[in-house]
Amino acid sequence: MKNNASASYLVTVAVIVGAFGLTSCGKSTTAKNERSANAQATYVAPGEQDEYYLFYSGGHSGQVFVAGIPSMRHITTIPVYAPYPATGYGFDEESKKMLGDYTWGDVHHPALSQTASKYDGRWLFVNDNANNRVARIDLRDFKTHQILGPIPNSSGNHGSSFVTENTEYLMVATRFSVPLPKGRVADPNDYAKEFNGMVSALKVDPQTGEMSVAWQILTPPFDWDLASTGKGPSSGWAFWTSYNSEMAHDVLEANASQKDRDLTAIVNWKAAAQAVADGKAQDMGGVPVLDPARVPGILYFLPIGKSPHGVDVDPSGKWIAYGGKLQPSVTVVNFEKLQAAINNKTFDGDFRGTPIVKYESVVEGEVPVGLGPLHTQYDGAGNAYTAMFIDSNITKWKLPPWSDDERKDMNKTVLDKVSTHFSTGHLVVAGSDTAHPYGKWLVAMNKLSAGRHINVGPAQPESSQLMDISGAKMKMVAEAYTEPEPHFAQILKVSEIQPIEAYPKAENKDPNAVWDKEHTGVTRNGTSVEAKVTAVRSRFVPDRIDAQVGDDLTIHVTNVEQTRDMIHGFGLVENNINLVMDPGETKTLHIKLTKPGVFPYYCTNFCSALHQEMQGYLVVSNAGQPVPGAVYTNGAAPAPVPDAGASVPATANPVAATPASTP
Amino acid sequence: MKKKISNLLGREFRFLARPLNFWSRLLLLLAAVTIFVSLFFPLWRMHLVAPQYSDGLDLFIYCYKILGGGLNGQHLVEINNLNHYIGMAPIVQADFLEMRWMPFVFGLIILMILRSVVFGQMGNVVDLFAVYCYFGIFSIGSFWYRLYQYGHNLDLHAPMTIKPFTPLLLGTKQIANFRESSYPELGAILLCASVLMILLAGWFSRKETVE
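The listed protein sequences correspond, in order, to chains Y and W.
Going by my numbering, 36 is the number at position 36 of the first sequence; the sequence numbering is gapless.
Going by my numbering, 50 is the number at position 50 of the second sequence; the sequence numbering is gapless.
Hint data in this document are derived by calculation from the structure and do not stem from the laboratory.
Glycine is no exception: its CB is placed at the ideal position from the N, C-alpha and C atoms.
Among these hints, one or two may not hold up.
[To be verified] Straight-line distance between alpha carbons at most 27 Å, and here's what the computed DSSO-like set of lysine-lysine pairs gives:
no.: 1; chain 1: Y; residue 1: K270; chain 2: Y; residue 2: K345
no.: 2; chain 1: Y; residue 1: K517; chain 2: Y; residue 2: K398
no.: 3; chain 1: Y; residue 1: K505; chain 2: W; residue 2: K3
no.: 4; chain 1: Y; residue 1: K203; chain 2: Y; residue 2: K259
no.: 5; chain 1: W; residue 1: K65; chain 2: Y; residue 2: K517
[What the hints assert, rightly or not] Ranges between beta-carbon positions, derived for each pair:
no.: 6; chain 1: W; residue 1: T172; chain 2: Y; residue 2: K473; range: 27 to 33 Å
no.: 7; chain 1: Y; residue 1: D120; chain 2: W; residue 2: Y148; range: 22 to 28 Å
no.: 8; chain 1: W; residue 1: M160; chain 2: Y; residue 2: D516; range: 22 to 28 Å
no.: 9; chain 1: W; residue 1: N153; chain 2: Y; residue 2: I500; range: 32 to 38 Å
no.: 10; chain 1: W; residue 1: R115; chain 2: Y; residue 2: E496; range: 28 to 34 Å
no.: 11; chain 1: W; residue 1: T172; chain 2: Y; residue 2: P499; range: 21 to 27 Å
no.: 12; chain 1: Y; residue 1: H74; chain 2: W; residue 2: I189; range: 31 to 37 Å
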């Protein structure tokens, strides 16, 4: 296609021009009166609160960032896939167990749980592209409660995690195909034959939110990129883009960009769930896996140009927009036509037994948005907003139905463009993926900030830009910076959730929780020593714990406070431990004691006027040499006392023994 | 002189023997109901505001219990926690002996009122008023004494040393970073209303005579 050749040329030119552009511009040219109007629109006065939560994925930081809209202020960080000493995440036994052996993850696509295609304010799900996991954050306490994975038979968890309209499933697909089941080794030269991709459905328990792997669909080794789930007329369907239906295994930037159109996936997840229930799946690694060549009606391919990146179903569920990435347009598919084509078998052959839907029969039009269109969002008022990576802007365009005039000249469907700084990846419109978007605000998440911020050296932050989209023209009103690296985000109205501010004592079911002095103490059984500790302003009880080298030491700390923001930490000096307990929370640490010494522990989270005094001592004496003051609540003997003179007594003080010398 | 005294006593005797008319008895009945209703409301509220507690901490005093404000009475825990820094003993309901017998006394007073309604003599109203007033003044006095004790028996080993003080019974004052307000609540207002009703019951029948 000649058209596409010229498009590619344009892309190259744009990248070069863009690169020059970056060095010369970047200074604000906002007029003075406009500045004050923008400032007023985003100003949240001291003591006042934002109207929306902005949940950013934290990318390879492994975390989720929470900011407020319209102020764009960073409010908190929710640790998910990486230890985070600020909240003690990854130091206590429970979160350590959740993290497993991994100390990082790559969070890309946060998804709020939905009921009837509306945010229900219960959970936020986030994927880990690197280690094939999905985590659930509970919006009751803004904490990570489950990490599922690595998901069997699934590698490169990028097209993830997208909730279905009632959070029945999280839809997940592989970006990096590998030989399956995982662990099997094959030569990448045999990629097309030996490697496979997978579409997975993760079931979500409607009461608890607990996730489990429900079933999978085996696919050719295309690189599944992003997904979107259906609603309304497209209820029960899910859609994925792909960028490597060439099935290249090396030099992908060229070899996976050869075809003008890549095969995208259209999954009938309701039919797939039924097929699994009907026993049509085969077990692979403990998961029921469907082979679409044998089970018709669950998977279809649709060619879309070119190496499409984002796919987004509009709020009505009728229009599906595919971001062209390497072609300067968004392809809009009409779901009703797609449904008819599938019913009438309007196919262009098949690939490995999966029917390929005829492109012309389902495409409503190609909107000429500009260069590098990646993702599209909707305001619920008939408008779409697409992020342009190469052109570096947001383009607003009109969803169908289009007039004959507009169809004749599709440029007329393009309504507005606003430059972004620079190279926008994802964008989010408040509530875009629901049936009823809030509209009003759009946040562009830019991949390059390229010196717009104060200079912080070569490691540059990511920029986000807030746009007011309530008028006919988009208006950029604020700019903020985050650590690497937001990909997608979700926006939730603050008034829709009521998170707790302390864990109610009655809900603490930890068998090792203690709430009063009488139940605290240190017990010894053989070489295992267990301490039950309370933390309250401004002391730990007990503030002395005795143990010996070689002991297995377990410490349970309960923050007995029930007052909001009365958080206590438990930092154990030179033992790489920092627990942080929210009010009403119990956390447990375990260490094998290997070195003798007296190790102070102290409250790390500033709590009160006497916070500095909130400290204690862990006394670790050499094995068999307890200090005289060691006391165990269960009456255990400190340890057998060795023969006198056999070794240096634990209390010998070399400093005291040395006469003080004066110069 | 003797005649004068016996005249006076005679008048007093006749006054005390005056029957209570319908309205007086109704008022007395109403007073009994009001006292009963007051049991469900706090008598007193202590409200503490500090920069860190801009919404304030509340203590509600009922005749039979102390209730902290906030979820699950959390404010009481918080107040005790803060008070430990100045060495004040924790406020616990078990220490308030009067809270065990006060509901019993209120029951007794309600019984006395009902007795007056049935017997219907001015003398009953006078009895009632005297016992009720004594009980009321004693209760307030004992409440003040509790406050005095809490503010004066401070642990000398506490982190912060402050001059012994009596927490405010009525009014508003600044104590360290806290602004303390102490005022009667609906329960106390209802009790005052019931006293008024008893007085009015007597007033309305002051001229009644046996036919």
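Hints and how they fare:
A distance of roughly 19 Å separates the Cα atoms of K270 (chain Y) and K345 (chain Y); the hinted pair therefore holds under the 27 Å criterion. Among the hinted pairs, K517 (chain Y) with K398 (chain Y) is inconsistent with the structure: their alpha-carbon atoms are about 67 Å apart, more than 27 Å. Between K505 (chain Y) and K3 (chain W) the alpha-carbon distance is near 75 Å, which puts this suggested pair outside the 27 Å criterion. For the hint linking K203 (chain Y) to K259 (chain Y), the alpha-carbon distance of about 35 Å lies beyond 27 Å, and the restraint is violated.
Proposed proximity of K65 (chain W) and K517 (chain Y) is supported: the alpha carbons are some 25 Å apart, at most 27 Å. Look at T172 (chain W) against K473 (chain Y): about 55 Å separates their beta carbons, and that is not inside 27 to 33 Å. The hinted window of 22 to 28 Å between D120 (chain Y) and Y148 (chain W) is violated, with their beta carbons roughly 54 Å apart. In this structure the supplied range 22 to 28 Å holds for M160 (chain W) paired with D516 (chain Y), their Cβ-Cβ distance being about 23 Å.
Checked against the given bound of 32 to 38 Å, the beta carbons of N153 (chain W) and I500 (chain Y), roughly 37 Å apart, stay inside it. Between R115 (chain W) and E496 (chain Y) the beta carbon distance is about 59 Å. The supplied range of 28 to 34 Å is therefore violated. T172 (chain W) and P499 (chain Y) have their C-beta atoms about 34 Å apart, which leaves the hinted 21 to 27 Å range violated. Hint check: H74 (chain Y) to I189 (chain W), Cβ distance near 49 Å, so the stated range 31 to 37 Å is violated.
The earlier numbered hints that this structure contradicts are 2, 3, 4, 6, 7, 10, 11, 12.
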